[in-house]
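Number of protein chains: 2
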Amino acid sequence: MHVFQKATNQRTRAINEQLVLRTIYGRAPISRAEVARVTGLTRTTVSDVVDQLLGSGLVEELGLGRSTGGKAPMLLQVPDDARHLIGIDVGDSQLSGAVVNLRGEVCERLELPLDGRNGEQALSRLEALLDGLIATVERPLLGIGIGTPGLIDTSAGIVRWAVNLDWRELPLAERLQQRHQLPVHIANDSHAAALAEFTFGGHGQMRSMLVVKVGRGIGAGVVLNGALYQGDGFGAGEIGHSSVADNHRPCRCGSTGCLETIASTRAVVQRARELAPHAPESLLHAVASPDGITFEDLVAAFAGGDQLATEIVTDAAHHLGRSIGALVGAFNVQHIILVGEMTVFGEPWLAAIRREAHRSALALLADETSIELGRLESNLVVLGAAALLMTRELGVSLGGAG
Amino acid sequence: MHVFQKATNQRTRAINEQLVLRTIYGRAPISRAEVARVTGLTRTTVSDVVDQLLGSGLVEELGLGRSTGGKAPMLLQVPDDARHLIGIDVGDSQLSGAVVNLRGEVCERLELPLDGRNGEQALSRLEALLDGLIATVERPLLGIGIGTPGLIDTSAGIVRWAVNLDWRELPLAERLQQRHQLPVHIANDSHAAALAEFTFGGHGQMRSMLVVKVGRGIGAGVVLNGALYQGDGFGAGEIGHSSVADNHRPCRCGSTGCLETIASTRAVVQRARELAPHAPESLLHAVASPDGITFEDLVAAFAGGDQLATEIVTDAAHHLGRSIGALVGAFNVQHIILVGEMTVFGEPWLAAIRREAHRSALALLADETSIELGRLESNLVVLGAAALLMTRELGVSLGGAG
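Protein sequence lines, in the order shown, are assigned to chains A and B. Heads up: the first sequence at position 308 corresponds to 308 in the working numbering, and the numbers run straight through without jumps. Each number in the working numbering corresponds to the 1-based position in the second sequence with 402 added.
Since the hints were derived computationally from the structure, they do not count as laboratory data. Given the structure is predicted, the values throughout are model-derived calculations rather than measurements. Ideal Cβ positions, reconstructed from N, Cα and C, are used throughout, including at glycine. Among the hints, a few may not be true.
DEER-style ranges, computed between Cβ atoms [said to hold, decoys possible]: (1) Ala-558(B) <-> Arg-13(A): 37 to 43 Å; (2) Ala-156(A) <-> Ser-772(B): 17 to 23 Å; (3) Gly-395(A) <-> Ala-765(B): 31 to 37 Å; (4) Ala-416(B) <-> Arg-43(A): 19 to 25 Å; (5) Arg-103(A) <-> Glu-571(B): 39 to 45 Å; (6) Gly-395(A) <-> Arg-415(B): 21 to 27 Å; (7) Glu-138(A) <-> Gly-442(B): 41 to 47 Å; (8) Pro-113(A) <-> Arg-570(B): 56 to 62 Å; (9) Ala-765(B) <-> Pro-277(A): 45 to 51 Å; (10) Gly-55(A) <-> Glu-576(B): 34 to 40 Å.
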């Protein structure tokens, strides 16, 4: 057989295997005949592939289903715990990790503070966290997924630039692969958050969504037609460093006026520290020293109806809303989901974002776009990192109704 | 055979036919054996499909090629004039149309002024143009492609909203299909312009690009991984109506501060009319009456180094640059191409756009992004409409190296 033809056949087999696994994962319990009907593959092909999947434990037989005339069909499913996955969230101040199963259920969780560590020290910390998690795993381990801030080349597994960690051109995936002898996949944390919402957020048939993560940094993850869209250089959704104002406020990226300098948690705290001394009536004025104002102080003042806190948060939402309006026009993706620490400001914050996003985009497009808070309360990046691993290694996703 | 299986087989045949045609179109002269090698299809399948294509005249035999050992192979190609296509550009003031061949070469051109017609009258004008063009066609006609401003549902063939023409929810494709008994495909004019650059612009291996059309209106067409990306509601690239300034200038869309109110040809002419009376030293001051200043006057003054004209054009470019910077962050598509009437301001305009786009996006992404003027001098939307028709009916595209 011709070498090229052989390669093609191997690729076809791999595609068929992923197609069958995805179908069983998304539609279980399901019979071989039904898999053949749904996928359009022949029954022989389906039987061969299912035999392989039974052998590797990724599929199991459930028992006989109801007969529709002939012999009762054997039903198949993917056991939730057929594989376990490790997902890691490289945060600004701590590393969080979990062992999860194929449905995104958390079996084990670990956290390690970074305490200001960066570079090689942060990396050692990450390895320690992985060692700790791997020690708890009692099922076949599929691999490791990692979500980290910065510009991440998901294909090559390289952290191109993560400013807080001082990682540059770091071949993170290869390094961890060699250490742990497991598949490792890495992605930007906002991209991971988008995969988490898409895969485990219960959004039903939704095939495309923008997930905007607003915390200490701001970034979006883009899911188009069921797949993560990362752009030519893996920087898609990098909206935090787009200029939105001529405020000359310096940004950690080296530029000024970036969205992050107005709408991030860092920015609103900074603003509160600047304005509190001049607002004697504000709850924030009462904090021991202005420079001691924390995000939690601002959240408490906002919850107490404090006017200064409300103004700061609304202004942040207004600018974020305009950037989101620009995304409405650019992508025309009709489902926009907000996640991250800033969502703690809830409905008033969301309302201000919706108002400005609607005002600043073509009405016909804005009318058809929903802007909502995310559905996953915690472990967002951890789950997204696991979803990345699952998608890349098994071709399996629960998103967009499988 | 099961109905579903049959449908799958028919679909497989159609996919194979498009794959073979695309391969011959992009790599001619090529032998059947080479097509099999490139596509990974069996020789028998390729022979069957080629027989069909020879029968329909879409492929022809060129003669024997050089032997590489065995029998000399028969070489195949797609004749440039195997089909002719009609492409239409629904402009603001006129309708332009052309008959082109499968390489985008224009065989015949017609224009009809709209003279302020809209609604049903503009539609009659379009039908008259089509009658005129169809009468000139001497080859098998593949169909009609149309590019028009506004929000266009390409799948359903419906003009959802074209403000200048006062067309709303107009089933344009169906109406023309019935009249002319030919396949009809329609798209937004910026989307068509993007397809034109992608298909006929000679951009080689480039698989993704943003084409920003800056004329009386402003809009972008998005090509991602070799295909036109239109968004959930066909509004992708609708950047002209994103708010970029709090200038309160009313936009024809009903909002204020839209990019179109600052960076379009209309906006710069408007600005010149406002400022010329206060600038006695300007060439624009010499125009008979300020309200009589035309786009051509502005172009002439700019070419003459007039300071006011330079300021107006540079300011327009600055705001456009910021919007393009936002696109760099949103899509991270590394090739951005500018087309439309504003490109007449050439290098100084382009330099101001590049400067602000670079400043207002993350440096690492901006460094890897090129912003260039388009390569097609004329007939952009006409050619794009033809490319749309060709892609949808034959699955054939020259873009991204076939």
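Taking the hints in turn, this is what the structure says about them:
Taken as a hint, the range 37 to 43 Å holds for the pair Ala-558(B) and Arg-13(A), whose Cβ atoms sit roughly 38 Å apart. For the hinted restraint 17 to 23 Å between Ala-156(A) and Ser-772(B), the CB-CB distance of approximately 22 Å keeps it satisfied. Taking the beta carbon of each, Gly-395(A) and Ala-765(B) are about 36 Å apart, inside 31 to 37 Å as hinted. Evaluation of the 19 to 25 Å hint for Ala-416(B) and Arg-43(A) yields a pass: the beta carbon distance comes to about 23 Å.
Between Arg-103(A) and Glu-571(B), the C-beta spacing of about 43 Å keeps the proposed range 39 to 45 Å intact. For the pair Gly-395(A) and Arg-415(B), the beta carbons lie near 26 Å from each other, so the given range of 21 to 27 Å is met. Our hint of 41 to 47 Å for Glu-138(A) and Gly-442(B) holds, since their Cβ atoms are close to 42 Å apart. Distance hint check: the CB atoms of Pro-113(A) and Arg-570(B) are about 59 Å apart, consistent with the given range 56 to 62 Å.
A hinted range of 45 to 51 Å is violated for the C-beta pair Ala-765(B) and Pro-277(A), which are about 34 Å apart. Separated by about 53 Å at the C-beta atoms, Gly-55(A) and Glu-576(B) break the suggested range of 34 to 40 Å.
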